[in-house]
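Novice: Read off the chains here:
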Amino acid sequence: MIGLIKMELYRLIHTVSIYVSIAVIVGIVVMTTFAVNVDLRMMEKEQKTQGAEQIQQKVTENESREDETPAESFASGFSDGFISTGEGDFDGEGFTLGISAPTDESWISGEIVAGDMLMSELNSCLLVVFIAIFVPLFVNAEQKKGYIKNIAGQIPRREMLALSKLPAVAVQVFILFSVFCITNLAASAIFFRGRLIFENSGALAGALGMQYVLHVAWGCLIALFTMATRSTAFAMTTGILLASGIFQLVAGYLNRAVHALIPSADSFDILQIALTNATANMTTESTLRQTAGFLVLAVVYVLIAAVISGIIYRKRDVR
Amino acid sequence: MEKEWLLETNQMTKQYGRHKALDQVSLHVAQGDIYGLIGRNGAGKTTILRIISGLAHATTGDYRIFGKASGQATLERSRVGALIEEPGVYPDMTARQNLKVKCLAMGVRREGYIEELLETVGLADTGKKKVRNFSLGMRQRLGIALALVGDPDLLILDEPINGLDPQGFAEVRETLMKLNKERHITIVISSHILDELSKFATNYGIIHNGTLLEELTREELLQKCCERIELKTDDSGRACTVIEALGIQNYQVKDEYTIHIYERLDDSGDITMALSKEGIKVLGIALKSESLEEYFLNLTGGGKE
Chain R
1 MIGLIKMELY RLIHTVSIYV SIAVIVGIVV MTTFAVNVDL RMMEKEQKTQ GAEQIQQKVT
61 ENESREDETP AESFASGFSD GFISTGEGDF DGEGFTLGIS APTDESWISG EIVAGDMLMS
121 ELNSCLLVVF IAIFVPLFVN AEQKKGYIKN IAGQIPRREM LALSKLPAVA VQVFILFSVF
181 CITNLAASAI FFRGRLIFEN SGALAGALGM QYVLHVAWGC LIALFTMATR STAFAMTTGI
241 LLASGIFQLV AGYLNRAVHA LIPSADSFDI LQIALTNATA NMTTESTLRQ TAGFLVLAVV
301 YVLIAAVISG IIYRKRDVR
Chain F
1 MEKEWLLETN QMTKQYGRHK ALDQVSLHVA QGDIYGLIGR NGAGKTTILR IISGLAHATT
61 GDYRIFGKAS GQATLERSRV GALIEEPGVY PDMTARQNLK VKCLAMGVRR EGYIEELLET
121 VGLADTGKKK VRNFSLGMRQ RLGIALALVG DPDLLILDEP INGLDPQGFA EVRETLMKLN
181 KERHITIVIS SHILDELSKF ATNYGIIHNG TLLEELTREE LLQKCCERIE LKTDDSGRAC
241 TVIEALGIQN YQVKDEYTIH IYERLDDSGD ITMALSKEGI KVLGIALKSE SLEEYFLNLT
301 GGGKE
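Protein chains in written order, with the working numbering: chain R, 1 to 319; chain F, 1 to 305.
These are calculated hints, taken from the structure and not from any lab test. In this text the structure is predicted, and so the values were computed from the model without any measurement. Using N, Cα and C, we set each Cβ at its ideal position, and we do this for glycine too. There may be inaccurate statements among the hints.
Short, incomplete list of chain R residues facing chain F, as computed with Cβ under 10 Å [to be verified]: (1) M7; (2) T15; (3) G153; (4) G206; (5) S267.
Just a sample of chain R residues kept apart from chain F, beta carbon distances all over 12 Å, derived [unchecked claim]: (6) E8; (7) R11; (8) V24; (9) P156; (10) M160; (11) F234.
Please construct the entire structure, taking both the sequences and the accompanying hints into account.
Specialist: Listed below in structure tokens is the structure:
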């Protein structure tokens, strides 16, 4: 097993895709931070020209959006922002389709807490989308290139081939997560020079740790999709759709169905077990109880991914 | 005493939906053999090799490998190296890196091991060249090197000579013969090109439409295909006495009326005369030969489906 994990890690650092993914993440995070900066400047300009009353209205709008969803458009405020978002309404409950990140109104002219900025980007599920794209590329390479045929027959327990991928996915996510955070902090330091402050680092470290765990669980889920279907395209598409909020639409119907079938389960909300939902809600202000819930959720997803992918590899013929 | 086989399949069947890719195949490979599995495209060669290399499960039947039933041969699996269909390699890596990946998986840490493997297959001078820039022959040889990681005792190669030019084929053949002779590796190799396989295989299994039609040694195959006098008489027993009296030793009685003579091929007139003198009726005498390809085609239905 250790040999297989070493193999996966060697493969990870010797493939082009990891370097491509790093470059893409650096580029996109710099662009999104720049876009937030542009948005804040525009809002500042508006504030000056249109007066405090209108700004108040804008802020109220933002607040109401934030109430509806875990995040408002990171282009919100600059509503036609870099990654466009579409908003709809499902059964009276708001949902956001697309990638969005909350903008704190106090950032317009005041100080910007680096941790809040970073956390809002993580809450936007932007990294979740990157993971949905790059994990299948890594996990499926062995299958796609046919390399699996060189090793699968010689490994006494073939399920180890699947299980060894999960620690490698954790390392891949760690690399992407680190690049994402470092780039965001560096870009924020450049674009918000003089206004960026670092505080409450303990809470930030805890929230980042939990976010990493949630992202790893998401990576494992995507790896499971990839291994189960042997399809990079399927895993990527499913991951991107889930990350961009399509599940909220399905969840609405599922919740209604469950409530109709079991009236006593009126508090049931399937979104509570959605990893993307947990990622969007995990902040520096999350309570210990919430954090513990997210941790359990992440562990359950990792276990499910490990068990199912192991069974699939054991039972299925290698192609 | 029954012969101890290194690999033996027992009534192995593989079914994909309604299609039977293999139908009760029982083949036998002894230690040190270069076993050529011959069949047309789609005959079932790859399916057999995939099952015995542990990549697929048989629907019914099983096999024994290194004296153990397939289900119990978990540790023995590491003694089987396989190259199935085209080589599975990472094109953005070098040959060395591709081998390193498998060495890590197999727990091979010996210093200089990878260089040794590259030397064995003639890829020692590829340096930092990415596999995507390799020729087909080089890729095939890298595939063989990958199959050799972990020093297997049994090498399973599926069409490794497919698409190679004569030079490439000669290189692969030399490599395999060297491995068989010097490292005593047993090799199971499939091909649909009988002439090429016949240059180095010691045993053959002929498969057609998922069924193993015949297993034979190199000598048996050559005997079946070589030039011979095919003699038909009304009494093979008495004819043998006459033939031996003529000093002919290399002959074979095929059935009650047919004898194949493999020497003194120009003396058919003398043989006829001698038989007539003894009152043995000669029903027919002819000089015959068959190419390996013809033999294979005849066996598999004369080239018709």
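Novice: Out of the numbered hints, which ones does the structure contradict?
Specialist: Violated hints (numbers, rising): 4, 5, 6, 7, 9 and 10; every other hint is consistent with the structure.
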